[in-house]
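Q: Given next are the chains, with one letter for each unit.
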Amino acid sequence: MMLGKVQVPPTVKRGEAFEVRVLVQHPMETGFRRNLDGQSIPANIVDKLACRLGGREIFSAELGTGISANPYIVFFTTADASGELVVEWSDDRGEKGRVTTMVTVV
Amino acid sequence: MPRVLRASFALLFSIPAWAEGPQPPRSGVEFQSADVRAMQADDFANPATLWVERGAGLWKSPRGERNVSCAACHGAAEKSMKGVAARYPVYVESLGRVADVEQRINACVVDNQKAPALPWESQDLLALSAYVAKQSRGMPVAVRIDTAASDFERGRRIYFERQGQLNLACTHCHDASWGRTLYAEKVSQGQPVDWPAYRLEWQTVGSLERRLRACYFGVRAEMPPFGARDLVALELYLAKRAEGLASMAPGVRR
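Each protein sequence line maps, in turn, to chains A and B.
Start counting the first sequence at 1253; every next residue gets the next number (our numbering).
Start counting the second sequence at 11; every next residue gets the next number (our numbering).
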C-alpha cells in the first residue's frame, strides 16, 4: 500500500467549488534514467488516479512520465451532500494506494 | 595600514568569539524562490511530510532480534525527541565519537534493536530522521563543542580549506558571496537548518550528509563516503556557525 494524503476544507458550502489536494508518494521513474553502473532503471509510474465522492467518480487522471516524483494533484469540485471522498491510484506494477476523507456540507 | 583594512580588522575583532559566519544567520529557505518557500511552509504540499508520516509509523513498529520499537524505550517522540535534533551532531558517550542524527538512529538500531543497520539514504533511515528532526521544529540550533573540540576544529579547517579542481573552500561561496547569483540560483549562507529536506532536484528527501557531498561534487572534489568523520565534523562546525537559527525541518530546497 502506497503512502498518500488528501485534504479538503473542514466544511464546504452546498454547490460551491472547493479545493481537493492530493499528494502521493511515488518515485515516478521515467525509464530513461541510468544508475551509477550505467544500467537503465526500469520505468515505474503511477498511471491511474481516480477520485470518488459519495460513490460517484468526480475526477480521474492518467499520469505519465512527465509527472514529477511524489505527484501533487489539485482540483476543484462541488458537493450537494456530505459524503466520503475516496482517492485511489495504482502504478504500472499493480501497486495500489487509497486514502479517504470526509466532505462535510453545511 | 589602509583605512578600509583597519576598519575591517576592527569589525573582525568586535564580533564575539562564536559569532562565526554571516550575521545574522539566515536559513537556506530564504534564498529559495517564493514557490519553494510556500511549499516548505505548507504542511500538506511539503512532500517531506510523507517521510515524517512514514517515520511515525516506523517509530512504533518493532524491529530486529529483540523485536522492540523506538517507542518501547523512548515513548512518544513528541516528548522524548523534542529539541534533540537541534543539539546534533553531538559527542555520544556510548559510541565514543561525534554522531549526527542519522548515525545516532543507526547506532540505536544496531545496538539496541539488534537489527542490521539501515543503509545510508534509505527511505527508512530518512523517514526516521525526518520524524525526529520534525520534533525540533522552530527550536534554535544549539550544539555543544566542549565535548567535541577536535571534531569542531576539524570541521572548521575543512570549511576554510580550498579543495577540488575549482580550488574553492566553503567560505568562498557561503561567507564571501552569499546572496549573489550563481547560475540561476542565489548562493545561500550554507546554514545546515531544515535538514533532512526534500530537494526538488533529487525528487526525494535527503540527509545533510548528502547535501554536503553535493557541494564537494560541485567544486569537483572527492566526496567523502557517507558517515565519514569529515562530514560529521563539517556538520558540527556548520551547526555551531548557525547557532540560534531555528530549524524548520523537514525543509524543501530546489
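Careful, some of the hints might be misleading.
What the hints assert, rightly or not - Far from chain A, by Cβ distances over 12 Å, these chain B residues were calculated: (1) 33; (2) 52; (3) 54; (4) 64; (5) 84; (6) 103; (7) 121; (8) 133; (9) 137; (10) 159; (11) 163; (12) 171; (13) 196; (14) 230.
Claimed, not checked - Once the Cα atoms are required to be at most 27 Å apart in a straight line, the calculated BS3-like pairs of lysine-lysine come out as: (15) 1348/A <-> 1265/A; (16) 70/B <-> 89/B; (17) 124/B <-> 89/B; (18) 1300/A <-> 1348/A; (19) 70/B <-> 1348/A; (20) 124/B <-> 92/B; (21) 1300/A <-> 1257/A; (22) 92/B <-> 1265/A; (23) 124/B <-> 1265/A; (24) 196/B <-> 124/B; (25) 92/B <-> 70/B; (26) 1257/A <-> 124/B.
In short, the hints are calculated from the structure, not lab data.
Quick reminder that beta carbons are idealized off the backbone N, C-alpha and C, glycines included.
Q: Check each numbered hint from earlier against the structure, then list the numbers of those it violates in ascending order.
A: 2, 3, 4, 8, 9, 15, 22, 23, 24, 26
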